[in-house]
Amino acid sequence: MTERPAVTIDNLSRHFDSFKAVDGISLEVTSGETFGFLGANGAGKTTTIRMLCGLLAPTSGSGTVAGFDIYRQAEEIKKSIGYMSQKFSLYPDLTGKENLSFYGAAYGMNGSSIASRTEELAERLDLHDFIDRPTRSLPVGWRQRLALGVSLLHRPRILFLDEPTSGVDPVFRRKFWKILYELAEEGVTVFVTTHYMDEAEYCGRISIMHQGKIVEVGQPFELIQKHRAENLEELFINLINGREAANAEA
Amino acid sequence: MLKLRFLAHKEFRHILRDPRSLAIVVVMPIMMTFLYGYAISLDVENIMIGVVDYDNTPESRQLIDHFYGSAYFSKPDASPVDGDPERILLSSEAKAVLIIRSGFARALHERSDFSLGMMVDGSDNTVAAAVQNYSSAIVSKFALDQLPVDIEIPGITISTQVLYNPDLKSSHFFVPGLVAIILMMISALLTSITIAREKETGTMEQLLTAPVTPVQIIIGKIAPYIGLALLDGILVLVFAKIIFKVPFVGSYMLLLLFGLVYVSAALSIGILISSLVKTQQVAMMSALVATLLPSVMLSGLIFAIRNMPPVLQGLAHIVPAKYFVTIIRGIMLKGAGLQTLALNGLALLALMGVLMAIAAKKFNTRID
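For the protein sequence lines, the chains are C and B, in the order given. When we follow our numbering, the leftmost residue of the first sequence carries the number 262, and every step to the right adds one. When we follow our numbering, the leftmost residue of the second sequence carries the number 1030, and every step to the right adds one.
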């Protein structure tokens, strides 16, 4: 389809008082790419995603999502993206189906397309067994499947997933990634953060963030070779430790 | 439109499935009506008063009978009927002494001016105020009774004090005002909690990534609660009628109309609060403090606004309850119509508009 990038970030920063949560990062994600956005806790991943989704105003820098400016075209961006937050964020007192219908309406879908899309996603994400139960009573893995369903409802071109598989068992994690692959094949850009290095290996490209800065970007295999690491986990630990050591010296 | 319907529909589900909001909606107003209706009662009955009758005529004795015949006053247990008024006040349990100078009967027949004396123990100011009100009511009623029915009575201004609430029951005065306070509190509480809850559970974050405008969110939040709050108003009114026997002279529809405006203003206050706080706890406390205190103190519910220092009088103008207390009292007790209440109604409408506009402006589509 188009060659234009799904996400561009140029020197983007977000400060909370004197704390620089995101400190001048630049990045480009092409359409249809599965991009792994890695980093330790508190590195600034969630803050970045929130800025891209229009939830948080940047302190400085610029960025576009789906070709729309993150400052001025937040409403346009919202129509093109799906977002799944780190924290389970469906209504606990509503059933899965009710949550899906509600968000469908929030995206401006009509009743019949909500119904058909719900059926489609229930099939694809295997939601049938629990779609009529209040989400409060569901185990984490099932909730995450529902949350993914909600974020996919309106067929977004770009999907932002903030640690979608934390607390999810390995069987389901495998399944989850299979779905993400299928989406990527359909041309959906997936922008995902994770703590699991095996998951990071599934990504086309990854970036590693540390203390508000992006310290490395590239294909997982390339990066492993470049830094002469055994695997991604070693690479990750070496990079972070190297940074900490450099900080200590400075 | 569909978005709004779904937003509102979802809100109804939340209310029905959450015992806590149900409790706020149903139990709290009933409890408050009981509590306030009984506790804030300025009715003082069976005040003991002594009498010094220098006139000593059938008319003066008749007046004394009028006093003792009312529920408000009674005879002190052991006290001389005549004597030095101040001694009576000191020596007996009497809170006041009625002094009838000689010439009372003659003045009555000649319809000339005459002034009765009432010496009141001011140490208990509630009782003192009650004595003043009740006694002037009794005297004017007595004076009226003495006159032929068809005669014009010049200058009996005193009778205005007993119009509309002839029994001088404070509950008649209070309970309509109470409806105003309860509606204000519940409405602000409900909306502030519902948004704070979405912030707490993280659903607000999810909702804000959807293409929904602040106005849509706010209307979606307010609409279900307007219905609910009005239902609450009706509940409290039914209670008022059954338990406190408060009359309802005016138009139900008119009250409903003004109620709609008032409740919308109150709900906007709730939204405004919730856009400033992050947790349900804080929202609840803020809503209570922001609505209860000003509504009780500055609405004219208990304290007359015109007796307040200028600063508070000015402040009272931005308290929605001030207007609604006047409106609901006017409709329930006096049967006031749209024309009489237009000014208060317009003020309320303007206040609602301003509050809604501020709420919509303050409501942030970002989470920081």
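These are computed hints drawn from the structure, not numbers from a lab. Every residue gets a Cβ at the ideal spot worked out from N, C-alpha and C, and that includes glycine. One should not assume that every hint holds.
The calculated EDC-like cross-link candidates involving lysine to aspartate or glutamate, where the alpha carbons are at most 16 Å apart (straight line), are [stated by the list, open to error]:
(1) C:Lys348 <-> B:Glu1122
(2) B:Lys1274 <-> B:Asp1174
(3) B:Lys1104 <-> B:Glu1122
(4) C:Lys439 <-> C:Glu462
(5) C:Lys348 <-> B:Glu1229
(6) C:Lys340 <-> C:Asp354
If you anchor each label on the Cβ, the simulated ranges turn out as follows [stated by the list, open to error]:
(7) C:Asp459 <-> B:Lys1391: 41 to 47 Å
(8) C:Ala507 <-> B:Ile1347: 54 to 60 Å
(9) B:Phe1041 <-> C:Ile440: 40 to 46 Å
Okay, the calculated bits of chain B under chain C, using three or more residues with CB under 8 Å as the criterion [as the list claims (entries may be wrong)]:
(10) 1039-1045
(11) 1233-1239
(12) 1294-1301
Each hint, compared with the structure:
1. C:Lys348 <-> B:Glu1122: Violated - the C-alpha atoms of Glu1122 (chain B) and Lys348 (chain C) are around 70 Å apart, more than 16 Å.
2. B:Lys1274 <-> B:Asp1174: violated, 27 Å
3. B:Lys1104 <-> B:Glu1122: holds, 10 Å
4. C:Lys439 <-> C:Glu462: holds, 13 Å
5. C:Lys348 <-> B:Glu1229: With Cα atoms ~11 Å apart, Lys348 (chain C) and Glu1229 (chain B) stay inside 16 Å; holds.
6. C:Lys340 <-> C:Asp354: violated, 26 Å
7. C:Asp459 <-> B:Lys1391: 41 to 47 Å: Cβ of Asp459 (chain C) to Cβ of Lys1391 (chain B): about 45 Å, so the range 41 to 47 Å holds.
8. C:Ala507 <-> B:Ile1347: 54 to 60 Å: Since Ala507 (chain C) and Ile1347 (chain B) have Cβ atoms about 58 Å apart, the given range 54 to 60 Å holds.
9. B:Phe1041 <-> C:Ile440: 40 to 46 Å: violated, 33 Å
10. 1039-1045: With 3 residues closer than 8 Å to chain C, the stretch 1039-1045 of chain B meets the three-residue bar; holds.
11. 1233-1239: Held - the stretch 1233-1239 of chain B has 6 residues with a Cβ nearer than 8 Å to chain C, which meets the minimum of three.
12. 1294-1301: With 0 residues close enough to chain C, the hint is violated.
Of the numbered hints given earlier, the model fails hints 1, 2, 6, 9, 12; all others are met.
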